[in-house]
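Engineer: As given, the protein sequences belong to chains A and B, one line each in that order. For the first sequence, counting from 1, position 92 maps to 92 in the working numbering; every step adds exactly one. For the second sequence, counting from 1, position 19 maps to 19 in the working numbering; every step adds exactly one.
In short, the hints are calculated from the structure, not lab data. Hints are supplied without guarantee of correctness; some may be wrong.
To be verified - In silico DSSO-like pairs for lysine-lysine, Cα to Cα no more than 27 Å straight-line:
#, chain 1, residue 1, chain 2, residue 2
1, B, Lys77, A, Lys67
2, B, Lys67, B, Lys25
3, B, Lys67, B, Lys42
4, B, Lys21, B, Lys49
5, A, Lys75, B, Lys90
6, A, Lys67, B, Lys67
7, B, Lys67, B, Lys48
8, A, Lys67, B, Lys92
9, A, Lys13, A, Lys67
10, B, Lys21, B, Lys48
11, B, Lys77, B, Lys67
12, A, Lys7, B, Lys92
13, B, Lys92, A, Lys62
14, A, Lys43, B, Lys77
15, A, Lys13, A, Lys62
16, A, Lys43, B, Lys73
17, B, Lys21, B, Lys54
18, A, Lys13, B, Lys88
19, B, Lys90, A, Lys43
20, B, Lys42, A, Lys157
21, B, Lys77, B, Lys90
22, B, Lys77, A, Lys75
23, B, Lys25, A, Lys180
24, B, Lys77, A, Lys182
25, B, Lys88, A, Lys43
26, B, Lys73, A, Lys187
27, A, Lys13, A, Lys75
28, B, Lys67, A, Lys182
29, B, Lys88, A, Lys75
30, B, Lys77, A, Lys180
31, A, Lys62, A, Lys157
32, B, Lys77, A, Lys157
33, A, Lys7, A, Lys62
34, A, Lys182, B, Lys54
35, B, Lys88, A, Lys7
36, B, Lys92, A, Lys75
To be verified - If you want the footprint, here are the derived chain B segments under chain A, 3+ residues with CB under 8 Å:
#, region
37, 61-67
38, 84-90
Keep in mind that this is a model prediction, so the values were computed, not measured. The beta-carbon is built from N, C-alpha and C at its ideal position, and this holds for glycine as well.
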Amino acid sequence: MEKTPQKYSEQEKDNIFNNEFMPHIDAAYNYAFHLTLNEDNAKDLVQDTYLRAFRFIESFQKGTNAKAWLFRILKNSFINNFRKKVKEPAKVDYQEVENIYNSEDTELNVTADLRVEVLQSMIGDEVANALNALAIDFRTVIILCDIEGFTYEEMSKILDIPIGTVRSRLHRARNLLKDKLKEYAEKMGYQDKRRSKNNTNVQ
Amino acid sequence: MWSSIKNLFGGGKASNGTKCKDPQKCLEMLQLVVDNEADPDKAAQFLKKIEGCKMCTDCYEQDNCIKDILNSKVERKSVPQDVIDCIKLKLKEDSN
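This is chain A alone, in the form it adopts within the complex:
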């Protein structure tokens, strides 16, 4: 993502900042809020991101993907300055995840009975709570892909990870989100018919 530094006049810097960076400030704030889960921290993070963006504006190539560039700064700023302060679900131990993923004993929670109608009947807060309950690295890939609409390649650049890792992390994140959504669905009175049936058969 880093290119040869550009030489911009003060007027050009202002134009880039106002016309290419500022249109993404709501999305940046939304991302910051999902990372920090706190409005004050999100405000600080966005402010820090935009000030850094201006300071390093000469490493941005005019007309390229400003949103991805800003999100990368925001992610780095979060890791460097905010992550330690934020109360969050435990950091993901990828080795542990990999072990779980590969274990012969693993029973993945099959969510084929999480009906589309049930999902559609959920309110936004329930979906947001399920999302925010995920560990931050899993939450991040879902936000970038499903809420902000970044491609795998863009996510790979924002997060500094290979595309293959983006895909596997996204896959794992969605399975975890399905589990969370299923918990909400069960609270709403929905029952997993197949599991009930299987339990009956076992007995």
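Following the hints, put chain B in place on chain A, whose structure we already have.
Structural biologist: Just chain B now, with coordinates in the frame of chain A:
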């Protein structure tokens, strides 16, 4: 990895009684199709191919639905005006 995929796809057996011929490939392709990362022709071929597999079509519909509700139902926060004002003020101070 293989056991995970087999579990996800009901032991490699679709719920209509037919076996999913290649659950690992289906799993990978499903994700690419849902995320619009697959070549459009290949995506169309794949969707045609899984029509007979209830497990694959259920997974596809479920993943699509989750993506849709995340996009449409999760509240998008707007940045408070005071943050914008503060950024502009600091940039102005720095330029002076």
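Engineer: Find the hints from earlier in the document that the structure breaks and name them by number, from lowest to highest.
Structural biologist: Result: no hint breaks.
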